[in-house]
Amino acid sequence: MKSLVREFHHKLTGLVMGVNESDENFTITDREKEVYIWTAIGKTCNEIAVILNISKRTVDFHISNVISKLGVRTKLQACIQLTKMGIL
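UniProt numbering puts the sequence shown at residues 1 to 88.
A couple of the hints might just be wrong.
Unchecked claim - List time: in silico DSBU-like cross-link candidates among lysine-lysine, alpha-carbon distance up to 35 angstroms:
| id | residue 1 | residue 2 |
| --- | --- | --- |
| 1 | Lys33 | Lys75 |
| 2 | Lys75 | Lys43 |
| 3 | Lys43 | Lys56 |
| 4 | Lys43 | Lys33 |
| 5 | Lys43 | Lys84 |
| 6 | Lys69 | Lys33 |
| 7 | Lys84 | Lys69 |
| 8 | Lys33 | Lys56 |
| 9 | Lys43 | Lys69 |
| 10 | Lys75 | Lys56 |
| 11 | Lys33 | Lys84 |
| 12 | Lys84 | Lys56 |
| 13 | Lys69 | Lys56 |
To be verified - Here are the simulated distance ranges between beta carbons:
| id | residue 1 | residue 2 | range |
| --- | --- | --- | --- |
| 14 | Asn25 | Glu47 | 27 to 37 angstroms |
| 15 | Asn25 | Asn46 | 28 to 38 angstroms |
| 16 | Thr74 | Asn46 | 17 to 27 angstroms |
| 17 | Val50 | Asp30 | 11 to 21 angstroms |
Source of the hints: derived by calculation from the structure; they are not laboratory data.
Backbone N, C-alpha and C define an ideal beta-carbon position, used for all residues, glycine too.
Starting from the given sequences, assemble the full structure and let the hints guide the process.
Structure (structure tokens):
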């Protein structure tokens, strides 16, 4: 019974939060997550590059890669979706 309730809660939470079943298989690299954590805080790509000791071009690459994986258009949309998915 507890297992059934847990499964129901999981599905209901996913529906309320707008998370699809396919989202459960979605993964990003540790570095992509790190870049998006700083992005969500409000840091610019240049600031993130300095913080992580990588080039701005590499930061842009990670941002673009996640945007592509999610099928969204902007960093903001990516941050929102990653938050809904519980990644951020």
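ask   = Any hints this thing doesn't respect? Which numbers, in order?
value = Violated hints: none; all satisfied.
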